[in-house]
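Protein chains in written order, with this note's numbering: chain A, -4 to 113; chain B, -4 to 113; chain C, -4 to 113; chain D, -4 to 113.
Just so you know, the hints here were simulated from the structure itself, not pulled from any lab data.
Where hints are given, some of them may not hold.
As the list claims (entries may be wrong) - For lysine to aspartate or glutamate, the following DMTMM-like pairs were computed, each having C-alpha atoms within a straight-line distance of at most 20 Å:
#  : chain 1 : residue 1 : chain 2 : residue 2
1  : A       : K79       : B       : E40
2  : D       : K79       : C       : D81
3  : C       : K96       : D       : E58
4  : A       : K89       : B       : E100
5  : B       : K79       : A       : E40
6  : B       : K79       : A       : D66
7  : C       : K96       : D       : E(-1)
8  : B       : K79       : A       : E47
9  : D       : K89       : C       : E47
10 : B       : K89       : A       : D105
11 : D       : K89       : D       : D16
12 : B       : K79       : A       : E58
Number of protein chains: 4
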Amino acid sequence: MAIEALRALQTRLAEFAAARDWQQFHSPKNLAMALAVEAAELVEEFQWLTEEQSRQLDAARAERVRLELADVFIYLLRIADTLKVDLLCAADDKIALNERKYPAERVRGDARKYTDYD
Amino acid sequence: MAIEALRALQTRLAEFAAARDWQQFHSPKNLAMALAVEAAELVEEFQWLTEEQSRQLDAARAERVRLELADVFIYLLRIADTLKVDLLCAADDKIALNERKYPAERVRGDARKYTDYD
Amino acid sequence: MAIEALRALQTRLAEFAAARDWQQFHSPKNLAMALAVEAAELVEEFQWLTEEQSRQLDAARAERVRLELADVFIYLLRIADTLKVDLLCAADDKIALNERKYPAERVRGDARKYTDYD
Amino acid sequence: MAIEALRALQTRLAEFAAARDWQQFHSPKNLAMALAVEAAELVEEFQWLTEEQSRQLDAARAERVRLELADVFIYLLRIADTLKVDLLCAADDKIALNERKYPAERVRGDARKYTDYD
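So here's chain A without its partners, still in its complex pose (with noise of 0.2 Å):
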């Protein structure tokens, strides 16, 4: 189901590109430095709040920061199309992965990298 809501949001994503004929600046390249683009954006809200304020975001604060997740979910959908990667299918891949890198009884509580483990 999902797929399809996603693919739905893909197409008008392709489709509101190939309008303004951008696919030719859409590059995964490209795609990929904007995507860490909005990512900053995302990360600036929040440079010289504390940890706490983070988690109470006043209400114009908070409609920033939803509209620049929007952004970095635009730009990841739009990669994955243009790579045709499926996200729900590499997430799932992604998270069996870190199941097994991170046993839950080994790392509780600790969230040092897998790499620091000895």
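Fit chains B, C and D to the given chain A structure using the hints.
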């Protein structure tokens, strides 16, 4: 429908974090940093490629890129869950905003930021 | 004086690239991507630390952070060299701009972006 | 010599922060986020340009890029100051490491990461 599939994925990720007592680390501030780090790992795959090469990835790089996209998606879902943002709704709202900011007939073939137009 | 020391470092980096025939990859676009990737590797060292912990790094992390700062510096020097930008002069100009945008008496103790002031 | 010029710039930046009571915000964690945000603003200038165009910037973009490089430099100096890192020394050490990791005769014309070599 997608709401259910995305929600299911978010629930699985929340349980993954809870089983490891990692919610303490998952403030929106920290999750935004992690998202930006994953976006940069995606950029790293493309930084020395030409745009053309980025459209024709070999199998090994394509698989690494697929898993980096998964990482971005995972942190995006996690932060949206933490902040109670509906990503599909936010994307709809943002696309509607973009349609007003970048009318097709005005920006065709031109990738300048809308703020560069007078 | 610093101009000479920074220039010497830039010359060494240019020779490093030339000896490997890497200038072909060192377009400003690609170097900007590499700079952002290194900045993200720095962020990664801090993402799960509290602010307080980030002020008190253990020796192993402090050394990793030192080398990540070096990586950022190296790409910054490389891109400035490629674009013929004098970094010290640019920093002087930017600080002067910031002094006008953020008058001390107005923004004391307040980290909001200047655009948030009315 | 450069040490003095860079130190002078770092002192000026520390005074700028102190006059605004901003040291409270300038933890290494937050400064790393700010550095990454500035690096992304640099990337944004290049994201829709071809590599060739990025080598031939028009005057307006060249000036914006110059000031973005200054922003990256400013936060790099600030974080190095906060963590007592000597950037010139760190760069020397990192270049020496890179010379061992990427022997010229081995990697000529090849931008793969050294970890990709067997």
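Is it true that the CA of K79(B) sits at most 20 Å from the CA of D66(A)? holds, 16 Å
K96(C) paired with E(-1)(D) [C-alpha distance capped at 20 Å]: The hint is violated at about 27 Å.
Is K79(B) close enough to E40(A), meaning Cα to Cα at most 20 Å? Satisfied, since the Cα-Cα distance of roughly 17 Å is no more than 20 Å.
Starting from K89(D), check that the Cα of E47(C) is at most 20 Å away, please. violated, 27 Å
With a cut-off of 20 Å on the C-alpha distance, tell me whether K96(C) and E58(D) pass. holds, 18 Å
With a cut-off of 20 Å on the C-alpha distance, tell me whether K79(B) and E58(A) pass. holds, 11 Å
For the pair we were handed, K89(B) and D105(A), check the Cα-Cα distance against 20 Å. Distance of about 37 Å is beyond 20 Å: violated.
Given the hinted pair K79(A) and E40(B), is their alpha-carbon gap at most 20 Å? Given that 20 Å is the threshold and the Cα spacing comes to 17 Å, the pair holds.
Given the hinted pair K89(D) and D16(D), is their Cα-Cα distance within 20 Å? The hint is violated at about 34 Å.
Between K79(B) and E47(A), does the CA-CA distance stay at or below 20 Å? holds, 16 Å
With a cut-off of 20 Å on the C-alpha distance, tell me whether K89(A) and E100(B) pass. violated, 41 Å
Would you mind confirming whether the straight-line C-alpha gap from K79(D) to D81(C) stays at or under 20 Å? violated, 24 Å
The structure does not agree with the numbered hints 2, 4, 7, 9, 10, 11 stated previously, though it agrees with the rest.
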